[in-house]
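Got chain A sorted already, so can you dock chains B, C and D onto it with the hints?
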Amino acid sequence: MTEYSKAELDEFAAGADAWFRENTPADPGFMLPLTFMEVGTDQQFDFLRNWQRKVYEAGYLGAAWPSEYGGGGLHDMFQRVATSAMRRYKGPILPNAIGLNWTGPLLLDIGSEAHKHKYIKGILNAEDIWCQGFSEPENGSDLGNAQLKAVRDGDDYVLNGSKIWTTLGNYAKYMILLARTDPNAPNKYAGLSFILTPMTVPGVETRKIRKLTGEYGFTQTFFTDARAPADGLMGAEGQGWKVAMQTLEYERGARKGQAGGYISKEVDPFAVLKLAAEARRDGKPVLEDAVVRDQLVDYIMEAQSLALNGQRSRIPGLNQDRPMGLALMNKLVFTEFAREVNQFAVAMQGSKSAYYVGDPSATDDGFWTRSYLNAFSATIGGGTTQIQHNIIGEHVLGLPKTR
Amino acid sequence: MTEYSKAELDEFAAGADAWFRENTPADPGFMLPLTFMEVGTDQQFDFLRNWQRKVYEAGYLGAAWPSEYGGGGLHDMFQRVATSAMRRYKGPILPNAIGLNWTGPLLLDIGSEAHKHKYIKGILNAEDIWCQGFSEPENGSDLGNAQLKAVRDGDDYVLNGSKIWTTLGNYAKYMILLARTDPNAPNKYAGLSFILTPMTVPGVETRKIRKLTGEYGFTQTFFTDARAPADGLMGAEGQGWKVAMQTLEYERGARKGQAGGYISKEVDPFAVLKLAAEARRDGKPVLEDAVVRDQLVDYIMEAQSLALNGQRSRIPGLNQDRPMGLALMNKLVFTEFAREVNQFAVAMQGSKSAYYVGDPSATDDGFWTRSYLNAFSATIGGGTTQIQHNIIGEHVLGLPKTR
Amino acid sequence: MQELGGLGFSEAQGDLLDVATGFCRDRSPMDKVRALIGDDLGFDPAIWREIGEMGWLAIAIPEAHGGVGLGIAEIVPVVEQMGRRMLATPFISTTLAAQALIIGGTEAQAAAILPKLCAGAAATLALTEAAGDWDLVQVKASAARDGDTLRLSGSKFLVCDAAAADWIIVSVLVDGAPSLVIVERADLPADALRREIVIDETKRSYALTLDRISVPANRLLDPARTTATLAHLQLVANLLIAAEMTGAAQSVIDYTIDYLMTRRQFGNLIGAFQAVKHPTVAAYVGYEKARSHLYGAAHCFNEQGSGEIATRMAAVQAERALAFAADRSIQFHGGFGFTYDCDAQLYRRRAMFSAALFGDEGYQKRKLADLLL
Amino acid sequence: MQELGGLGFSEAQGDLLDVATGFCRDRSPMDKVRALIGDDLGFDPAIWREIGEMGWLAIAIPEAHGGVGLGIAEIVPVVEQMGRRMLATPFISTTLAAQALIIGGTEAQAAAILPKLCAGAAATLALTEAAGDWDLVQVKASAARDGDTLRLSGSKFLVCDAAAADWIIVSVLVDGAPSLVIVERADLPADALRREIVIDETKRSYALTLDRISVPANRLLDPARTTATLAHLQLVANLLIAAEMTGAAQSVIDYTIDYLMTRRQFGNLIGAFQAVKHPTVAAYVGYEKARSHLYGAAHCFNEQGSGEIATRMAAVQAERALAFAADRSIQFHGGFGFTYDCDAQLYRRRAMFSAALFGDEGYQKRKLADLLL
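Residue numbers (this note's numbering), protein chains in the order written: chain A, 31 to 433; chain B, 31 to 433; chain C, 315 to 687; chain D, 315 to 687.
Next comes chain A alone, as it looks inside the complex (with noise of 0.2 Å):
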């Protein structure tokens, strides 16, 4: 990373917090999803789309990537001060997660030049929307067994099968796609090979998945005698599941490298104290009840624990002993404490709590309830929180693999 003086830092974050201050944007009027995977309608793909490209050409997204590239060549430090200010005026996601988090790193640290070139500017000004192709309808959690089929045939691949849970796969150019390219290999692993592939191509079809919502919002893509380009290989024949790995340490923040911003809004439970006030029990706030009074300082203390967590975490001095825990452990602590705190902001509005998203008399039109049901994708998606379990379990405290 290149040097840089404390002067210079402190006049890109001023200029950064005056960047957010007057640009980020006023309520839409229409909801805006607390997740990328979230992303429901046009509308709201269309203004977080705009969004990111907004915060990017203003220099606040990428800072520290190559700027051969794309990026701003500046230090790390400038994105995170960037991020912040992001931050501090409660700006909307980016839509492009996966590639900002962990496309974009992949391709830095192992693409070809080619690669660098044709891809990351498109990453960070959304231009390029990116989706992953892991899970399969049978595999789900164990992604090794997946099947679908990538033969060979002069510059191409032939792909045949079926992803499923694509987020934003509806709006995506680019798929990172795990393939099986060798159905006799010696182990279930050793027949992978990871390639990005373009979604526009003919053989390609995705179909919305409806939510348990009551939305639509992720997809399962179908691949009939489609053909990606087999430059589009990242790493060896073979070597997909290792990559597939590396890929989701980025997704878990175990590697560094993401081009900044955020792709998820952090919980608040100050915002239920608004609820607390308001809804009623035998006549008096809620929020004089000293049970939920209770029940709130542990949410608080939980949002606070991510906060200091993320800050612990890039003290080495106070990490010696599992260096990898804090950041292993985030996605597991962030996707739970969602899904409660939004279950217990659900049961905060009383009778009310009866109402769903649209009716005149439900509570910030059932924003907590759509995001208790939402949250779910999270715990489920990008690993269980049961996988994470083993993932912590195994991979920080060293304990055997459950088989």
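One thing to keep in mind: the hints can contain errors.
[As the list claims (entries may be wrong)] The calculated lysine-lysine pairs, modelled on DSBU-like cross-linking and capped at a C-alpha distance of 35 Å, are: (1) B:LYS238 <-> D:LYS346; (2) A:LYS431 <-> B:LYS272; (3) A:LYS431 <-> B:LYS218; (4) D:LYS454 <-> B:LYS304; (5) B:LYS431 <-> A:LYS272; (6) B:LYS314 <-> A:LYS314; (7) B:LYS179 <-> B:LYS120; (8) B:LYS151 <-> B:LYS203; (9) B:LYS203 <-> B:LYS295; (10) A:LYS179 <-> A:LYS120; (11) B:LYS84 <-> B:LYS146.
Hints listed in this document are in silico derivations from the structure and should not be mistaken for laboratory results.
Coordinates of chains B, C and D only, in the frame set by chain A:
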């Protein structure tokens, strides 16, 4: 079971009520065990043994066991009302637990005439204390892997090895022993036999084990060329696992036929009320704290769940879908409840929870803290809480075995 | 120390449980439940007619008014099985309206309406207001006397099955005091009812605008018994909703187990993994506790003190059991659990809706604390 | 919305953490911890001397009084490592007594005693009374003025390390107002101290009878600052006890993992079973949260408002983490866990004792509710 008239039963019930009202002993001035696993001193043991004999001689123990072996020969309802009366007056526990609740029923179901004549009466009058020899130092949860050797020699089995966590081991006259008679059996289960073993013969030594409470409780039992008569074999050689599993079903209440009375006190959350009323925070009784009240409601509800589960388990019409469910979950629910409510009771004591048994400042002479620590004997012994979940999941819900 | 009730099971309960178990299973397979989600009325009138013909609506109505003269206890197994199969009907609403008339109605009102309810007519209650308070005496809607006429004003919410009901019993302030008044379907202006969008899509509830509704003064239930009636209704409602949730808890657990026995990951049925198996056991244990509390509450429902305690405990445990079992069912179904097609969401939504109507776990526990401590 | 503090880590904290980590590990292996259980004094005077020589007692004492002039934040890593290895010393007691003198003492008292504490003398506080209330201004013990003499009466409890202390700072009512007074070892009648039987056998605490103790009036700390001093002491005590519990939580988790990696059942290391693995992960996550709160609280300890909030959160999370980790450690050690020889019980007992001294989780959370909501 013999027939009876309501009048007979009512008269018997009245007699039992009167007897327990008159004969239930007052506080002896030393702490009485809450469960048979907590008998730690000769003073406690002698007191409880006398109590059991008295109850038996009055006709309120083993009332439904066959009269030819020493039982009362009455319908099961008679024992049930006797036990209710014992509970009503909060009588001490009966110490010969393994005899009354599992060895006795086992002998009556599959024992020989000789076995019944030899053992049943001594079980009831507490003359012959029984202990259980299943667990071994290297095989706690994994009973099927028991390694203690039993080699047939003439009319005896010669025993070598060791058993551990033997409750009442230092008072027992007999042990129900799970031993390996065939080291070369096709599988680990087929090599096991179940033997009624005298504890008072040469080559049997017991060593007291110090509990986490600091007191001495159960023992480890060492067998060195000890001889057990071969006529003590239950079932055929190699059927030990089957017999042991049947024994555990009596222990878990999944099979009936117990002598009656009770071997552990019910947890009474209302007793915790007293603590909460006494302890003070910021000058106010803790009982006025809404959070504490909310927790107390949970514990009272849980105690009521246990009581109602017990009553419902005797109503076939309310147990049609999973008939064994209530019986098999009782141990799990009861033992975890005991641990939790005692832990909560400790927390109710404010700064006095720093004290332990023997300190003049200790609340109830440290009863609650000791009870919390002792509670682990039941969440660990007799199949740990984790094993209980497997049992319910596999035997009641039909879920696949965990490998 | 507060005396707690025991558990019993009457022969009538047993018979009704047997019949209801089969009937609800046969009439309400899940594909039918899902089909009715799109139906505006929300239930199948033919099945509702059958229920009337079987006399289930008459169970707890006095013989004097054409009923069977049994108690709430005998209704519990019926509602439990309806909840188990998510069989949608105005049964609970109608039963509550009948109870309002039995406890709080005049002889004339009871004689006029109860026989029709026995015969299969539907009715409901309108007690909830905008503040969303579960304390039923917190009433703002009112009825002004105008000679022999009562002119109603204000609004009611979460009026279940109102579109199917011939009678709606509404709580209003009359001369400043909470009162109950009978509104007939014919009294409703065209736009008085607005269907609400609720989290449980298998349920139907409506907002009711009282303005421009006038009824004769003899529609008032006995003013002297309003408070007692409202207290009674809250307990009956909580007991029946607990029954419905307990039945649903059993189903969602069975539904989850089916999946755990068919879905494979890492070469094993996922039910073999303790991380899935043990919480499923916990859900099952919670359900069995709920069922014990339910039938305990049914048994001692009419006893002073212990009846209310048992009922509130049953409501607490039923909500816990269903909410937890359904929440874990979504999780353990993995990606499929996150889809609308997975039934787990139906049960989770049911738990949220049920808890909202007459008091959730937290509310019941606060009441219990005052009753027990 | 209430502002919450952040987390920082000073160079001095880092250096002290490194040194303390090695020192406590070397000086306090578990066999030594167990050996000291049988020792009446309860700690090794030689190690206490070393600690004095290393200047740890001087860390937070002003340079004017012979100290290093750092803050409470720099003491935290030291106490954390002491707790991790269960290294028994009067370090916390002495630190608290020093804080009492720094915040509430007269210049003369500070000048007389603080340099000796820097040099390795021990002192302690006597604040707890029979009622067991954590509100330190609830004082019943008293001191009556008799000319230039104060005649003390009443009793104090849970006076930690009193037998080793040269000074005991006692809270008493003087003229009806809570005050702090310094009692010297020489002031104590022979039988003034009674060793208490406490759940944590590695700790030493005493009941102190104040009757027949008289001290000169100049032993009173500045009366104007009593309330502020007691408030400060409660926070410092909670922070240091949180540090001790957090360190202990780390150890008991490591201790459990060792067992899960060696014990086999059903042909597997028991650590491979999710029923054991996942709760162990939960314990570990709880510990890491506790450590984040601990160093967060250390960082902003002196800030108005956020300092108290962070300290109480650290105390809550540390108790939770240690109590849960130790409780599960007993359970997962199976039969061995139920024996006195298994170290799990030492940690569980530590959690109970630590929570009892200056306020348990429930107490802290009630304070937090008022601070946050």
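Hint numbers not upheld by this structure, sorted from lowest to highest: Structure breaks hints 7 and 10.
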